[in-house]
Every structure is written in structure tokens, then in C-alpha cells.
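Trainee: Respectively, the protein sequence lines represent chains A, B and C.
Letter by letter, the first sequence follows residues 18 to 324 in my numbering.
Letter by letter, the second sequence follows residues 11 to 410 in my numbering.
Letter by letter, the third sequence follows residues 899 to 1194 in my numbering.
Bear in mind the hints are in silico, worked out from the structure with no lab data behind them.
Every residue, glycine too, gets a C-beta built ideally from N, C-alpha and C.
Careful, some of the hints might be misleading.
[What the hints assert, rightly or not] Computed footprint of chain A on chain B, listed as stretches where at least three residues anywhere in the stretch have a Cβ under 8 angstroms from a Cβ of chain A: (1) 46-57; (2) 86-100; (3) 183-193.
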Amino acid sequence: MTTKLGYAAALLLLIAAPFFVYPVLLMKFLCFALFACAFNLILGFGGLLSFGHAAFFGGAAYVAGHAIKVWGLPTELGILAGAAAAGVMGLAAGMLAIRRQGIYFAMITLALAQMAYFLFISAPFTGGENGLQGVPRGRLLGMIDLQDNMAMYYFTLAIFLAAFWLIARTVHSPFGQVLRAIRDNEPRAVSLGYDVERYKLQAFVLSATLAGLAGALKTVVFQLASLTDAHWHMSGEVVLMTLLGGVGTIAGPAVGAGIIVALQNLLASGPLSAWVPVVLGVIFVICVLSFRRGVIGELRAFLQKSF
Amino acid sequence: MKTLKTLALGASTLAMAASASAEISDGVVKIGLLTDMSGTYSDLAGPGAVEAAKMAIEDIGGTVAGVPVELVTADHQNKADIAANKAREWGENEQVDAFAELVTTSTAMAVFEIAKQQNKVVLVSGAASSPLTNDACIPSGIHYTYSTTALANGTGKAVVAEGGDTWYFLTADYAFGQALEADVTKVVEAAGGKVLGSIRHPFPASDFSSFVLQAQGSGAKVIGLANAGADTTNAIKAANEFGLVAAGQSLAALLMFITDVHALGLETAQGIQLTTGFYWDMDDETRAWSEKFMERTGSMPSMVQAGVYSSVSFYLKAIEATGSDDTDTVMEWMRDRPIDDFFAKGGVIRSDGRMVHDMYLARVKSPAESKGPWDYYDIVRTIPGEEAYGTLEESTCPTK
Amino acid sequence: MLTDLLGFPPQVLFGQLLLGLINGAFYAVLSLGLAVIFGLLNIVNFAHGALYMLGAFSAWGLATFLGLNYWAALIVAPVLVGGFGMLIERFLLRRLAGVDHLYGLLLTFGLALVIEGVFIKLFGASGQPYPTPKALTGGINLGFMFLPWYRGWVVVASLIACGVTWYIFERTKIGAYLRAGTENPKLLQAFGVNVPLLTTLAYGYGVGLAAFAGVLAAPITQVSPLMGSNLIIVVFAVVVIGGMGSIMGAVVTGLGMGLIEGLTKVYWPEASATVIFFVMAIVLVLRPAGLFGRTA
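So here's chain A without its partners, still in its complex pose (with noise of 0.2 angstroms):
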């Protein structure tokens, strides 16, 4: 009850929202927020941590920017490429991948993601540091211009809400609760009969996919791809929102993504801007010490203990 209190709650604010704040820091807001619930699916809910998810957004990022500039492809079909991108990706990458586990399967992930990144300082068409600039937003449906902000928000967070529904519906369906058996304990899910590796493998490939449509729209919300999506920092900065919000919620990752935006976005400016770093990494170190369920999994177990 309290629970879809919230989300209806959490809805009204952010069709609210463009109203008060921003619009396009919102929008950046709903990217990461779509790009840390889709690597929460394979942390929180399969017990693997990727060290590698930005080759996948940044990598969605680039062949949408490409696929909309130089391809003249419609927006929405310039998103879906990229989101299929990540996909084609994430398979590749969770095939070889998928059979490790805990430090091995983060090192593998990051090996694979470095090579990602080597290829797009190198290839011509993401180009290099300077990055893809001037992508445009395009027109959605050939009607509504995305150039307006509003428009724009409003298409975003369509796109957030229905991947965020998809994600809450894999999570409470019968796979997912396969996968959480399997991340509680392997062995007996391979007891139970289930084909482990394959359960892993989809959710890892889902997980990708998703992290590449969060990419692929902001490259169209920015209008620019850039190696700062694929550079390994961006794996570590995910791992630290969805932690920030609580691992294995739902909710968790994108109230992390919300605070850390946020965070960025105070501080960028004001007289602490050259302590930027520095208060992520203190923020880390308290989250790790005593706030390891996150936001709002330590809401959730005060919730349950009060009531």
C-alpha cells in the first residue's frame, strides 16, 4: 500500500516537475536514473556486478547519434538502434562473461568494456575525444518538435516510465524470481533443474539493452555522444547510484541517480565546484560504511520495523 503510495506520488512530481526545475537536468536525471535500475537488474536481482556498463550506454549513445546524423533515421528508430546496439552487445559480452562470478565476472566485464572503449577512441565515426556533436532531436512521429524542452521531457520520461514498468514486471515475474533463487543460491537452483547460465544470460543481455536505451536518449537529449559515456569511471558512477539508493530495490537506483545528479549539478557551480570528486568519494565511503542498504532499502526496513 505504502508502496504504491509512493509511485503515485513519485509520479505526479515528475509530470510535475519540468514546471520547477529544469527540464533538461531532469531529463539527465531520467537517463541515469533508466541507466542505474537496468544495472541494478543484473546486480541487485542477479548478484552480478558489471563493471562494464558503460561500453554499453556509451556505445548505445554513439550508434543512435550516428544513426539519427549521419543516417537521417527518425529519432525514435535512431533510440531503438542504439538500444539494439547495446543488446547485440550485451550478448556478445555475457556469453563470454557469464559463466564467472563475483570479482571474475566484474574483471571480465571491465576487460571487455576496455576494449569497447579502445574502439571508439579509434574508430572514425564516434569522433574520438572531440566526440559526435550536433545530433539532432529531431521531430517524434515526424510531428511534435523535440527541440522544445517540454516536448522533450515529456517523451523522455515516457520512455523512462515504460522501461522502469518493464524492469518492475521482469523483477515480480516468474523469471525473476528464478533469478533471485539463483543469486540466493546457485546450487540449488541448478538442483531445482533450471538452466542457471541461461537465466543469466537473459536478464545480463535485458540489463544491457536497457543501460543502451538510457544512453541513446541522452544522446539525444544533449545532442552529443562523448567517450566520458564509456570511459570506466561511468561503470564505477553507476555502481555508486544504485548503491546510493539500495541494491536489489526497485526504486533504489533511480533515487540514487536522482541524488547524485543533483549533487553534480549543486556542486558544478557553486564555491565547491573544485571539490567535486571529493565529495563523491566521501559520499561512497559513507554509503559503504553505513547506508549499505541504500535509501530506500534502509526506508523500507524502517518502515517495516515502525509499522
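Go by the hints and put chains B and C onto chain A.
Mentor: Leaving out everything else, chains B and C in the frame of chain A:
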């Protein structure tokens, strides 16, 4: 009589038109400065660039055309998306009239895109790549302090003229490094020199010994360093260590700031030739300003920081003179007048956005030659603006 | 020509291999520290790069403020930074006992951000110069290349550090405890060994090795706050390839990766920063526990 009347009429309409545009939007002139506050380039731009902009605003009295001048700043962390986001937000929500500084080309290009949509002035000081006034140019963008073309023309030509006619490049493997290598190659070949080869190193690289050894093996007289920041300093250290200079080859650092020299120390950096747009110890004017800057920041200004002061001052003067912060009006005023201050003498803003001013070929002093802290350069030659930046005809800017 | 190996004269190749070996020596010391820490604490120490930087800065600080020379710094800096590491272990990492190892990685990742950020504020991003010690300036002409004495010293010093570590772990009582601690800390505790102290010491030692590598690097690279930030993932890869927690693996792989990287710098320089990850991916697919690891 009739003509006189027409003239008077014309003049009054003109005056009216002028007063119509002579309004400062929102009653404030706002400059948005985007720079790297905490990363690799925070020494050569960063907090020092912010201070330079503040000095420019203070020196003009804090107001222009009767309205206050405000400065907003942000750390773009060398990330194009953050730069684009901030610029867009400032333009739409905070009535920022001009963007300034912008170290690293990717952030400058991202802000160019925004400024084109919003029709705002951009005063680029930190970014180097020459495409900013070529294919990627915008009508309201000014590339103020230096460019890869000027670096190539400055250092490349001078070194070939001194007999350094065979070259080998250590190039950072990304757009800036490749652009710089291409620019210098053109200059060297035009001057009758020859490029024997180049090696593309990853960016950033930690160890340069292997690359230096390959450069050594090439037998070229000059090793051109087409990289920046930590890569350049580390390459120079490795070249010294492996006796490259001692064996008769010479180093040409194609992009090096005074802050890099300061960080390396003269012992290591001595003898290197470089091109700069500004040096603090040129004349009384540069010394006076630089010492004021030093008092406030604790270090001497890099050319980027001096360029920020000069560009912001000139922009504010344009608003003062025209009484307007309208982009087209201000741009027109700025293009029509030479820039004369401690930074540039007779500098001209071309229609492709290039601010053409004299550049200086400098040689880093040895510890014995240096008379005190920050006494680092011998200015070997003044490179006339036209020679450094080429002609407008050569620019491929579509809106020039 | 017959004498050319794949387009490069053998002298060039020798030179590059030697340089690769020198870099490999760095990797060996750094990954050794990481392996020691992982072996005993099961923590991937993401702050390793920042602590390496701290070692280099300590050497610089000792010289600038206290007038201590390089040789003194070689001992003092690792002790100082190692002590700092023990504080980190005692007051931060210990509180993570019993939770998923990934939290250790995340905590140290955060620490690295803090340390590097603070140093940028204090000393600027472009860093400080540190001179080569007088006794080791100059070099020797080997015929196929000019070898600076200092680089030669780096290899010697690294091998000594590796040897000492090996001796401690394989031949001393503490080492036996440490190895037992990685296998079964509870049992060891039951035998009356102070395992928490042992853990603190092991972390301090691993960090000290990182700082030692930092001092070794100080005269070669610019001493700058970000000098370790990209090195960390490379060193990581070395440890993973060698087999996490394997001391032998870390040293051999460190040297081996230096060689492979050296060759890549000749044939495909652009890819030289990526080749290690390529090797890591292959190794993890074929031999999940790494080349010298026991089990996954």
C-alpha cells in the same frame, strides 16, 4: 537643404534604432565561465581563469552601460555533456549572455552547438583545435588565445629554419594530437623539411621510454611532441633520461604552457622551444597585470588565463560602447575594432571567429639563465599574427 | 632482410623488450601488493593507485620539506604510507568484515577519489618534479640501446622487493600465519594468533609496496595526483591474469605483461594500453582462476 533633411531624418532613425537595441536584456550582463576546476587542466585554466574573469569585471568597475556585470562559473570536468548541459541551462534560465574559457576542444564544440541555437557569444580561450574556426565555426564564436595552426606555424617553421629539417612525431592518439600532427606536417613540408614517421601513443600514457626509444631510432633531428599536459611532461622526462637530447636530437613541444614548465622544473625543461600567445615578462604592462594576478592566485598566468581576462574585458567594452548586449551588435563592434591591451597589440577578430594576434616563439631558459621564480622564457621571435594563423582565405568556415 | 624480425631490426626489439621488462618490474611490485591484500583481506584494493601516488608524493615531500634524499625516502615513504594504510584498514575496512567483498572494492574506490581530489587541490594537477638521485644519473650504452642507470636500478630494486616478500611469505612464521589466514582465519584465531592484527599488518605491507613503487617511479614520471588513477585498472588486470592472491602469479605476470606491452608498443602502439585487457579477457575465459590461481 533637402539632402540635409533626409540626412537628419536618417540620423534620427538610426539613433532610434540604436536606442531600441540599446537595451541590456534583463538589466544585467552575465558571463558564464566553464572550465576544468579539478582535473588535468585545472592548473593552466581552472580557478586561475575564474580569477582572471573576476579581475576583468572588477577593472571595468563591475558595471557596463549602467547595469551590473555578473559572473557564473561551473566545473565542466572536461566532459562535453556537462558543458552542454550547463551552457544550455544558463542560456535558457539564467540569461547568460556569453560563455567564456572552455578548455578542451570537445567542451568548446559542445558549447558552440548550444550557442548557435541560442545565439550567444562564445569566448574560447583554453581549447586548442583549429576546427573551431574552420568546419566547426559558428558566427558568434571567437577563438581567442591560440590554436593548433598557430602552434604549428610558430614552432614548426622556426625549428625547420634552424636546420631541424627531419621530424618524427610522438602523437597522442586522439583528435587533438592528430590535428596537431597534421598541421605541423604541412608546415614542415612546406618549409622544405621531411617527416620521417610518427608514433601514436595511447592517451593518457604512463611510460614514454618505449616511444622515446623508437623516436631515437628514427634518426630524425627533431622529435615533435604532439600531445599535452602530463603526456608532454612525461615524454620530456623520458627523452632526457634516455639521452635523446644529449645525443643531438632536439625536442619540440608543440603545446606547452608555462604551468607545465613550472611543474617540470628548468633542469628538465631547458632548451625546449615552444609557441605561446602570452608571456608575463614581456613589458611593463604584462608585468603589471601578471603580478596582480600572481598576488591573487599564487602563480603567474598561463596564456589561457591571460586570454580569459583579455577576451572578457573586450566583450564588456563592446557592451559599454554599444549600450547593448545583443549578440549581433556586440559581435559587429568587436570585429570592427582592434584589440589593444597587455595581452594583444592590434589583435583582430576575423569573420571566421579567429582572433588574430602576434604569437611568440620562446625557448625555455636554463637554471643558470633564470633570474628568479617564473623567469622561464627567452622570447626568441615575435610571430606576426597573419603568419601564425594563416589568412582568412585558408579558413574553411562556411559562414566566414 | 633475414635479420629483421617482422619488420624491425633485432636491436630495436631487444631494446623494447628490455624496456618492457622494466615496466613489468613496476607492475610486479604493484600487483604484488594488490595480491597480498587480496589474499588476506579478500578486498580488491581500488585505492592502490592513489596510494602509489601517495608514495611518490611522500618522497617529494620528504625531499622538499625535510631535505631527506632519495635513498632515505625509499625506506621512509613506504613506512609512512604503509602506516596510513593500516589506519585505513583499522578504522574503515575492518568495519566491512562479513559483508560482500564488493563493498571493499567500492569503499577503496571512494577513498581513491578523495585522496586524489585532495592532492589536486593541494599541489595542482600538473604535479611536481623529482630529480633522479645523483648516483644514478647517466647511463650505459648497451650497443642496441642507451640504458639509464636509474632504469636498471628500478629492476634490481623491484626484484629485491619481490624476493623479500616471497621470503616473508614462504619462509617465515608470519608468512605461514598469513597463508593460513587466507585459508581459514577462524581456525587460525582459535590457535591463538591475533588475526585482526595480522590483517592490518598485511594491508599495511601491501600498501607499503605500492608506496615503494611510487618512490621508484618518482624520478621517472612527473609526481602528479593523477599518476596512479589509470594505472590501477592495469595492475588489477595483472593480478587477475596471474590469479588473485597468488604471489608468484603476480610477479611472473607483472613481468610478462610488461614484455607483451613492450612488444605492442612496437607493432601497434595505439593498442598498447588495451592489450592487457585483451589478455585478461582471454585468460578469464580459458582459465577462470588465472594462470597461477588455485580455484575460482
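Trainee: Which earlier hints turn out false for this structure, listed by number in ascending order?
Mentor: none
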